[in-house]
Structure formats: structure tokens, C-alpha cells
Amino acid sequence: MSEVFEPRIVAFVCNWCTYLGADLAGTTRLEYPANVRIVRLPCSGRIDFNLLIKAFEIGADAVLVSGCHPGDCHYNTGNYHARRRWMLFRPLLEVLGFDMRRLHFAWISAAESRKFQQTVKQVVEETRQLGPYQYPAPPTDSYGAGREPHKNHFDAAAAQQRAREMLEAKEVDVVIGYGSSGPVFIRRPEDVDQITCEETGLNLAAYLGRKEVRAMGRAAILTKPMDAGALVVLERESQIESGAVKTIPIGEPGKGDFSDLDALLALPPAERMAWWAGEFARCTRCYACRQVCPMCYCERCIADKNRPVVIDTSPTPVGNFAWHVTRAFHLAGRCVGCGACNHACPVGIDLRLLNMAVHRAVAEQFDFNVGADPKAESPIGCWAPADHEEFIR
Amino acid sequence: MSEIISSDNLRKLAAEWIEQGVRVAAPQHAGGRVLYLPLKNSADLLLDAFIHPANSAKEFLFPKSETLYAYRVEGQDVKLVEAPGTETPQVLLGVRPCDAAAFPILDHIFNWDCADELYNRRRRNTTIVVLACSAHDANCFCTSVGLGPASERGADVLLVPLTNDTFEVRSVTEKGRSLFAGKTQTDNVAAMAAAGPEPRFAPDAVRKFSAANFEHPIWGEHALACVGCGACAHTCPTCHCFDIVDEHGERVRNWDSCQFSLFTLHASGHNPRPDQGSRQRQRILHKFSIYPDKFGEILCTGCGNCTRNCPAGLGVLPLLIAIEHEEHLPA
Ligand code: SF4
Ligand code: SF4
Ligand code: SF4
Ligand code: SF4
Numbered sequence: 001m002s003e004v005f006e007p008r009i010v011a012f013v014c015n016w017c018t019y020l021g022a023d024l025a026g027t028t029r030l031e032y033p034a035n036v037r038i039v040r041l042p043c044s045g046r047i048d049f050n051l052l053i054k055a056f057e058i059g060a061d062a063v064l065v066s067g068c069h070p071g072d073c074h075y076n077t078g079n080y081h082a083r084r085r086w087m088l089f090r091p092l093l094e095v096l097g098f099d100m101r102r103l104h105f106a107w108i109s110a111a112e113s114r115k116f117q118q119t120v121k122q123v124v125e126e127t128r129q130l131g132p133y134q135y136p137a138p139p140t141d142s143y144g145a146g147r148e149p150h151k152n153h154f155d156a157a158a159a160q161q162r163a164r165e166m167l168e169a170k171e172v173d174v175v176i177g178y179g180s181s182g183p184v185f186i187r188r189p190e191d192v193d194q195i196t197c198e199e200t201g202l203n204l205a206a207y208l209g210r211k212e213v214r215a216m217g218r219a220a221i222l223t224k225p226m227d228a229g230a231l232v233v234l235e236r237e238s239q240i241e242s243g244a245v246k247t248i249p250i251g252e253p254g255k256g257d258f259s260d261l262d263a264l265l266a267l268p269p270a271e272r273m274a275w276w277a278g279e280f281a282r283c284t285r286c287y288a289c290r291q292v293c294p295m296c297y298c299e300r301c302i303a304d305k306n307r308p309v310v311i312d313t314s315p316t317p318v319g320n321f322a323w324h325v326t327r328a329f330h331l332a333g334r335c336v337g338c339g340a341c342n343h344a345c346p347v348g349i350d351l352r353l354l355n356m357a358v359h360r361a362v363a364e365q366f367d368f369n370v371g372a373d374p375k376a377e378s379p380i381g382c383w384a385p386a387d388h389e390e391f392i393r
Numbered sequence: 001m002s003e004i005i006s007s008d009n010l011r012k013l014a015a016e017w018i019e020q021g022v023r024v025a026a027p028q029h030a031g032g033r034v035l036y037l038p039l040k041n042s043a044d045l046l047l048d049a050f051i052h053p054a055n056s057a058k059e060f061l062f063p064k065s066e067t068l069y070a071y072r073v074e075g076q077d078v079k080l081v082e083a084p085g086t087e088t089p090q091v092l093l094g095v096r097p098c099d100a101a102a103f104p105i106l107d108h109i110f111n112w113d114c115a116d117e118l119y120n121r122r123r124r125n126t127t128i129v130v131l132a133c134s135a136h137d138a139n140c141f142c143t144s145v146g147l148g149p150a151s152e153r154g155a156d157v158l159l160v161p162l163t164n165d166t167f168e169v170r171s172v173t174e175k176g177r178s179l180f181a182g183k184t185q186t187d188n189v190a191a192m193a194a195a196g197p198e199p200r201f202a203p204d205a206v207r208k209f210s211a212a213n214f215e216h217p218i219w220g221e222h223a224l225a226c227v228g229c230g231a232c233a234h235t236c237p238t239c240h241c242f243d244i245v246d247e248h249g250e251r252v253r254n255w256d257s258c259q260f261s262l263f264t265l266h267a268s269g270h271n272p273r274p275d276q277g278s279r280q281r282q283r284i285l286h287k288f289s290i291y292p293d294k295f296g297e298i299l300c301t302g303c304g305n306c307t308r309n310c311p312a313g314l315g316v317l318p319l320l321i322a323i324e325h326e327e328h329l330p331a
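Residue numbers (this note's numbering), protein chains in the order written: chain A, 1 to 393; chain B, 1 to 331.
Below are the DSSO-like pairs computed for lysine-lysine, each with C-alpha atoms no more than 27 angstroms apart in a straight line:
1) A:LYS170 x A:LYS246
2) B:LYS183 x B:LYS40
3) A:LYS305 x A:LYS54
4) A:LYS54 x B:LYS79
5) A:LYS305 x B:LYS64
6) B:LYS64 x B:LYS40
7) B:LYS40 x B:LYS175
8) B:LYS64 x A:LYS54
If you are wondering where the hints come from, they were derived from the structure by calculation, not from laboratory data.
One chain only, chain B, in its complex shape (with noise of 0.2 angstroms):
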């Protein structure tokens, strides 16, 4: 037996929490592509017909811009002001399974050597409804990294979809099973997940030969071509790097990306990373060597994002499949 939900349904469900005042964030259509938006309309809700929205779900945890406190100067006092933060429930919805998969390794890294409460608070707060996927473009590997179309990882329900317009929920957890109770049909149908995409590397052989290859003249070759932008860092589900600024008075965490030259410019002027090849290097060293040595997983979830949203055609799959082909020439 399998519980379902017809899309019309889907949608009255999410107009419902949007009456109760949940915070529903979901894919729509904007800026001439398709992103992940705060829904206002539950007609705006994208279901089909998309691969990957050009941003990723992790902002609406792990926000662009965040006041962490406030600070006055009074007399001779600086008189510090918390953030207010928020409990407003939020639901993410039609979130691809390769999103949610890096909410567990988000909550790793705001949880590892000190809790943030502010994470934490809204972490607490969001239930996550992932729709499986049906298509996959070029730039998907998600099977590379040991996730796929219907993965569960990170998810609250997963929903999957059933020909005539219908899905599968396959509730994940206690939450997720919550949020859906009542709302569904009981069928004795079964989704099918679509097949994903062919494994494009093995990250095995990623983390051996990057491990190995400090010095090789592959990170400068392929990183001729990368501007230095934030686009890949900015896109990514799992990429997490931020800096904090002091900005009218408050205590601001902004995102950042470890292939601005800024990002390791030291004050005496000297950069540890002078060059495109080295901020490369660190890219695919973090995600695919240092992150699973220290974490156990690999801080990459396939999505492709870094590829679809460089202006260079990079982004990591094109260098990852270069490191294999290295990998396995013969010494």
C-alpha cells in the first residue's frame, strides 16, 4: 500500500500553509529561469517540466545575508543587541533530491565545533518535502556521489512522481509524516523512480589523486578559464564558506566563495593562494578529500549547479572527470 497526492492537491495543501502562515519556499519560475523563491501563490508552484533551479535550497537555512547581532555605541559602553532570529515555520517544497541531501552535512558544519543557534533555530523549524526526479541534464552526477533521482537523504517526505499528475509521499520521518497526515490517498500503486544519470567518475579515485597531487599541473590548466567569480560557491547546496562584516552597526554573515582572490588575502598583503589554479585546487581538495577525511562524506551531492551556472562552462564536473583520466593513466 502507498500513500498518494494529486498535484491539485499538492497545491490546495500548500496555499493551506501559506493561509497558516508557514513560510513555503519552492521552485517557480523568475528571472527568465527557474529558482527557488518564497511561494506566494500556489499557482507559481513548479512541479514538473525542470531539472535543477539555478540557485539552491540552502538559503532559506543558511541565508545570503544574516544579522548575527547588533552593537550600539552608548557613552562609553558598546551595548550589544541579539538578533531576533526566527521560529516561523517553514516548508521546503519540491526540493531535488541532491538540495536536500546537503541540509545533514549544513547541519555538520553549523554544529561541529559550536552550535548556531540561529541555524539551528530555523533548522528546527523547516520540514522538507523533496520531489524525486524525473530528468537529468549533462551537468547531473548526483550517482557519482552515491545519491540518486529518488535519494532520501535529508529529506522529510519524498514525493515521486506517478503519471496522471499524482505522486507517491513516502514519508521519511516523524515530521514529514505529520505534515502529510490526512492529506493523502491510499493506493496500491508504486512510483518507479526515474534512472539517474551514469556514473561520470569515481570520487575514490578524485581523493586519491588530489590527496597525492598537490603539485600538478592540471588545477592551473583547468583553471585558466575560471573568471574567479561566486557563481559555483553561491549555487552550491553544500558549499557553506561565509564572512563576517560589520555594516551599520551590525554583525553581518555574508556568503563568500573560496574562488574570490579575497577570500585568503592576508592583511600584509601576501595571498596563500595567488592564483586561479590554487583556489581550484582548494575547491575540489575541500570537497572531495579534506571534508570526508574529517566528516566521512563527501561535501558534494552532484547537482551539477557549479557546472550550469559557471560563465565558464567549470564548475567541478569537467576537472573531476579530468582527475580520473589522470588518475588512470598509466605511471
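Here chain A stands alone, though its shape is the one from the complex (with noise of 0.2 angstroms):
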């Protein structure tokens, strides 16, 4: 051992406070680690989660986020919005078993020199002892448990008959079910036999954004009991209009159940982290758990962004850790629990636990219920005084 280990901290912080803080700093001669880089943006507000995350992948042993207090934004409320998506953000990186002693989060006014100074400082004491980051290594002894194949089986006759009322009352254009070999677009009511007892766990809403069939006009849809909630978060998003798509309930309602959850985050951080490294170290990058997903109609993915690349594409462990984080944070408040992401996935990946530990934030953090009502404000796209944490400096 010849070398000190001299931890390497990126600083991301708005340029009218925690900047402005660390500059006065440097000013009034507060000497502070050099150990620090410092990344300036406009806002807290403004500080994407994927930034830390390739702060990581470049070599950064620790992350400090920091901004103007509350109430003191220049932009009013960037700040507020930064604090809700840092609550969210934080459990997401909690279940992946994220060593979280590696982000730190600071409100730093222009005045607070001092306070910069010391919170680097001990950002970097905290670092130097846990030593340098490192993403875990794929096990090389287990390949993860992943999850069964699904296949469920419903009456397919209510449902016939249902879809054949609402195409001869000419009530809609067009009825997606299942068929014996996938979905199955009917048009005409004596057609509708076609529609088998079978689904294979796909949420159907998936289809309605498409232009194809968006041209065969009004829609109903087979629904699952979880399904029906992405039409709610697809009118809160503009996506449709309200009651523009009919619903075809099938299936009875499970009971939410958290204990998979529950069991992973029994596990000490890192053994949740080397759990998740063996769990990625099977995805291909086939995005068929995107595809599937209804909330997921951006017409150009963050993942296929090349110029410039913001997620490696590269099924590699860092390119696959940075896409699961993407993915699973994108549905922050918006996923519906539908499961459709993990029914998709080829290899096995229990996608729907890092949803669901999003989706449990959203619902007791900001009591909101992400299928219920489409009026009500996405968790994410606002934000309250009352918001409270206990992680920010």
C-alpha cells in the first residue's frame, strides 16, 4: 500500500446559493479539502438524478447535493420540487442497497461559507473511512431466484359478451383483449371470439398510444385489477381524454402485498447491492420491460438518447444499474402496480420490487394514491412547505 486513498467528491450545487457559499469561501480564505469538484447548475431544482449516478460511474466516491434553503429559491420553488424528488429518490437507491453514507444532501446559503466549508469537510472525514466506491462485482456463485413465468386464466365468455354489446352499439371502434397467441385488436362483434381465456400479464393500456391504433378510433380495453389505474395516470398525463377509453374489467383483485419488499430490505445494504448486481448482471438491455410499460410512452426514451449519451447503453453492471434506476425513478407516482414490466422481462428480473419501493414512498410520504384520482397532482410535478425529511443538512 504506497498510495493515501484521497476520497474524490463532486459537489453539484445552484448557482445562487450553495455556489455563491462556497465562493465567499474561498474569498474569505475558509480553507476546505481539495478533494472537492464542484459542478454548478442553475437550481437545485435542476440537479437530475441521473448526474449522480454517472458521478458514480466516473469515479466519484461521494455525491453532495446542495442548494438554497427552503423558501429562499431565486426561482421560487425549484428548491421545493428538488426536496420531493429527493425523498423519492433516496428509497429508491435504498432498496438496490445503495450505500447511502455516500450522498449527502445541504441547504448552503451565499452566506454560509462556513457551513459549506465544515460540510465538506466531513463529507470528506465520512468518505475517507468508508473508502473508495466501488460497484459490486456480479456474484459468481448465484444468479438470483427472479421470478416465475405468469400465466392467468379468466372467463373469457362475460368478457366476449361485454366487448360484443359495446362494438354492435357502435360504443367503440375497437376492443383489445387477449388472444390465444398475444393481443388481439377486434373490430367487428363477430370477432370477438377471438378472445381467449388467457393473459400473459401484459397491461393492455400499452397499446393506446399507438398510432395504429389510435387511427381505429374509441377504445375499450380488457383490464386487469390493477391495469385501469394507467388510464387514470394516462388523463393526468394528457395522454387521453377523460372517459375516451372503455374498460372490460377481468380477474379478480389481489391483495397488495409488500413482503418480497419487506424481505429484500431485511438485507444488510450491501448484500442487497450484490443481490441486485447478479439480478442485472442477466438483463440484455431488450427494453421489452419499457415497451410493456403503459406509463412509458415517451417517444424518445432517455435510454436512446446519443447525443449525448446520458445512460450507458451497454448491458454492462454500470449500464445496467444506471437503466434500472432510470427506469423504476421515471415511474415515480405513475406506476400502477400493474406488473407488466416483470411478466415481460426474458430473463427473470424482479423489476416490480424497485417499483414498488418507490410506489410505498409516494403512498405514505405524500398519502397518494396513484390509480385513484386524475385530477389530482402528480406527487412529483409539485410539492409542499410541509414536506418533510430529515436527511438534508
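The two chains are supplied separately, each in an independent frame; assemble them into the complex guided by the hints.
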């Protein structure tokens, strides 16, 4: 051991408060360790979670995020938005087993040069104790347990009957149902017997945005108990008109069961991280999870942006970690728990666990029910002065 | 006379290989399904009670992500760093015949206009031990593309299940013979390969139809349910399209799929395959017309993985059946 470990800290700070605080520390000769590289952004509200992940990817040992104190934002509410986002982002990193001692949040004003100095000193010292950040190598002796492929049966006769009525009454132009080999798009009442009694986990709301499907006219879809929530979110996000899509409910509602998530959370973080590394090692980036998700309707997904590349496209441990963080977090307050992603994954990665962690945080911290009221504001698009956390210094 | 080996001895042999530092890949339980994975413990080796792993064995010759070379910027210079490659010997054990039949295809692809050194090095160091099938499911159609449950194409050794947990060992190549030399017993039983699936369609009809019907409503109709993911191509033993990206100072080759909308997107924003119908047509055309015209064989081994893994229950088979039906309709 010749070299002493010098932690590399990346600080993402807002232009108006923390950056000026850091500047003041410099001009007033308040010394702080040179381990920190400062990245200035207009506002803490503009600090995207992908930047944090990227910093760790390219060699940071810890990250500090800092902006103006609540009430002081130069754009009025940017930091409130940021606070909400971090309140939901942390539970996601937690379920992934990420070492939370490497991620620090602070409010530091332009006058608080001493707080900046102290914070940086603390972060550097704590990180020095932790040692270098390393993404765990995929385990060589286990490949995870994953999830069984899924198939459910339901009563097709009632669904066929309802579809026939809707088409005959010209209430809708197309009924999207489950057929013998995948989804069927029924346009004539006499074809309703193509609807069979097997569904393979797809949420048919995923088809509503397709150009070809829109061209068919007014649609009805068969919905499993959790699926219809997607229509609420799509309406909230102005993707469909209120009441424009009819539903034909099938299947019996199950009970919300978080026991798998709790079992995972009971493991120590490092073990959780290693477990996910084994799971993600199987991911080929086929994007079936994204393509079947009714909420992943983006015309061009951030994972497909290549000028510049935001998320590594390589199915490597690092690239896959970034992809799964992004997918799950883009579904914060939007995932309706239909499980389509899980069923679509050809290598059986239990993606549901990530969504559930964020889903639970949304419900517990903001008392928000994703699939209930289309008029309710999305929890990540709004904020409240009362938002309560205990992790921001 | 035939050579036989018991499943216990086969496991012992696998354990020996692992012990010797050979990388053994074989079907195992993982992720709630059966997958070809590197074998750590010979007890995990699956020799029966599965139809086809959810992935394909191609990833052990053509990995999903591979560094071709690295570069470092030094002052005014860019320095290239060769990828180390690997000379580790590899045994693919318990590979299904439909996976093995894809290896000669990959050999063509990676040596057609230039010789791919990384692929070839891995290939030279690989021995393929095929496990004949004793059952098939509704997605299998090897017999429709000229293969079968005990096809030897691409195999170095073919293991055919006998009763009482033994296998007949049929060496196909010298490489295979030397791998099992002295490890088998002689017997006078001969294994009977199981019956394959009934043929589902005629590839010639597909070829004729797809070459003549570039514009046809069937493409768009069948593509309606397709969500445009990579599940089919990534789990297909013969699909070999890749993307090349520069990440963290490395030039990396990653699996791609013609079913992604990004696959043909031009920098200008124009996309010559603007909808899923044209992408599905491409997949069928390439497999049943373009590739056969160029290399004289079908780019599909009938493994059925594309249908098995498709979240929408598609893959090539339903479309192939529909095409043949269409081709035989009176004009
Ligand atoms: S992962 Fe995010 S950017 Fe990509 S499609 Fe889904 S919501 Fe859109
Ligand atoms: S479906 Fe599975 S393998 Fe495909 S990108 Fe998603 S997690 Fe990865
Ligand atoms: S196209 Fe489908 S059936 Fe043919 S080799 Fe590929 S995965 Fe197998
Ligand atoms: S055929 Fe199936 S697996 Fe292939 S791209 Fe379409 S939806 Fe995905």
C-alpha cells in the first residue's frame, strides 16, 4: 500500500446560494479539502438524479447535492421540487442497497461559507473512512431467484359478451383483448370469440398510444384489477381524454402484498446491492420492460438518447444499474403496479420490487394514490411547504 | 457398438473441466426459469425436464457486450489499447440442437467480409456438447427448417438420452472425440432420438411470399401487437445484429435488434422503417429470404425462443404460419 486514499467528491450545487457560499469560503480564506469538484447548475431543481449516478460511474466516491434553503430559491420553488424528488429517490437507492453514506444533501446559502467548509470537511472525512466507491462485481456463484413466468386464466365468456355489446352499440370501434397468441384487436362483433381466457401479464393500456391503434378510433381494453389505474395516469398526463377509453374488467383483485420487498429490505445494504448486481447481470437491455409499460410512452426514451449519451447503452454492470435506476424513478408516482414489466422480462428480473419501493414511499410520504383521481396533481410534479424529511443538512 | 456415459459420470466430467479452469456453460435454474449460464457447480447442471432455456447459447461466443478496443487521449495523441481477448477454453454443455445449429451461421457472419478475431479466438477454444431433445413444446419448429431433435449441425459431440440416466455419446468432430476420449463405456445399445414437432410451415412458401409481397397488409396486421422490444432478437440463437458505442474510453459492441425503432433511425430524423410492420417484415425477410439468398441457408433454427419470450406472444412462428396460409390462398 503506497498511495493514501484521497476521496473524490462531486458537489452539485445551485448557482445562487451554495455556489456563492463556496465562493465566499474561497474569498474569505476558509480552507476546505481540495477533494471536492464543484459542478454548478442553475438551481437545485435542475439537478437530475442521472447526474448523481453518472458521477459515481466516472469515479466519485461520494456526492454532495446542495441548494438554497427552503423559501430562498431564486426561482421561487425549485428547491421544493428538488426536495420532493430526493424524498422519493432515496427509497429507490435504499432498496437497491446503495450505500447511502455516500450521498449527502444540504441547504447552504450564499452567506454560509462556514457551513460549506464544514460540510465538505465532514463529507471528505466520512468518505475517507468508507474507502473508494466500487460497484459490486456480479456474484460468480449465484444468479438470483427471479420470478416464474406468469399466466392467468379468466372467464372469457363474460368479456366476449361485453365486447360484443360495445361493438354492436357502436360505443367503441375496437376492443383490445387477450387472444390465443397475444393481444387481439377486435373491430367486428362477430370476431369477439378471438378473445380467449388467457392473459400473459401485459397491460393492454400500453397499446393506446400507438399510431395504428389511435387510427382505429375509440377503444375499449380488457383490464386486470391493477391495469385500469394506467388510464387514470394517462389522463392526468394529458395522453388521453377523460372517459375516452372504455374498460372491460377481468379477474379478481388481489391484495397488495409487500412481503417480498420487506424481505429484501431486511438484508444489509451491501448484500442487497450484490443481489441486484446478480439480477442485473442477466439483463440484455432488450427493453421489453419499458416497451410493455403503459407509462413509458416517451417518443424517445432517455436511454435511447445518444447525443450525448445520458445512460450507458451497454448491458454492463454499470450501464444496467443506471438503466434500472432511471426506469424505476421515471415511474415514481406513475407506476400502477400492473406488473407488466416483470412478466415481460425474458430473464426474470423482479423489477416490481424497485417500483414497489417508490410506490410505497409515494403513498406513505405524500398520501398519494396513483390510480385514483386523474385530477390529483402528480406527487413529483408538485410540492408542499410541509414536506418533511430528515436527511438534508 | 456405441459409446455411453451415465449422468453421474457426465457431472463428474463437468466438475473436472471446471477444476481444470475450463469455462463450462450449461442449462441451469435461475431467474425463475432455465437459462444457459456459466456452471459453477456440476450439481446444478440440468440434463432433462426442460424444453429450451430462455436465453440462447450464442452469448458464450458472441457476448451481449464486448470491448473491441480502448482508447486513451494523451496530449495530442490518441493511443489505442487492444482488447485482451480470451484464450480460456470453453465447453458449452447440454446445448440444444437448435442452438448448436446457429454456430455455423455465426461463423459465416463473423468471417464474411472480415475475420472477427475476438469471435474466432473464442470459437477456436470452444467445444460444443449438444443434448438431443426428448420433448418439444408448441413453440418448437426445428423440423420445419430442416433440423430436428437430434440434429448434429454445429455439434462437436451429440448426447442422446437413453433410459436409466445414461446418454449415448456420438462424437461428431475430432475436437469432440478428444474431449470424451477415455471417459465413456462401450455398449451395444443405440439411442433413439425422440420425435420432433410436426412441420408447421414450408420455408419455401415463406421465401416466395416475402420476396414478392413487400407491400402487404399482413405485415402491419401482425405487427399490431408487437411492442418493439429486443426480447426476440436477444434470445434468438441466430440474430447477430450489434451496435457499436464508445463508452468510458472503450469501443464496445452490444447486441441490437431490428425491432427497435432506433435501429434504422437516421441522424437526419428520417426512419426508413417507420413502423413496426416494416420492422417485422425485415425480420422475416432477413431470416427466410435475404440471408438464404446470400449464404444458402435459413437464418432460423426453429428453436421457438422468440415466441416463448415475446411479451406479446408473437415471435416468428405465428407470422410464418399466417404467411404460408396466405401464400396458399387461391389468387
Ligand atoms: S424510462 Fe423514462 S424516458 Fe424511458 S420511456 Fe420510460 S418514462 Fe420515458
Ligand atoms: S426486460 Fe429484463 S432483460 Fe430486458 S431490459 Fe428489462 S430488465 Fe433487462
Ligand atoms: S427466429 Fe425465433 S425460432 Fe428462429 S432461431 Fe430465432 S428465436 Fe429461434
Ligand atoms: S415480436 Fe415480440 S419479442 Fe419481438 S419485438 Fe415484437 S413484442 Fe418484442
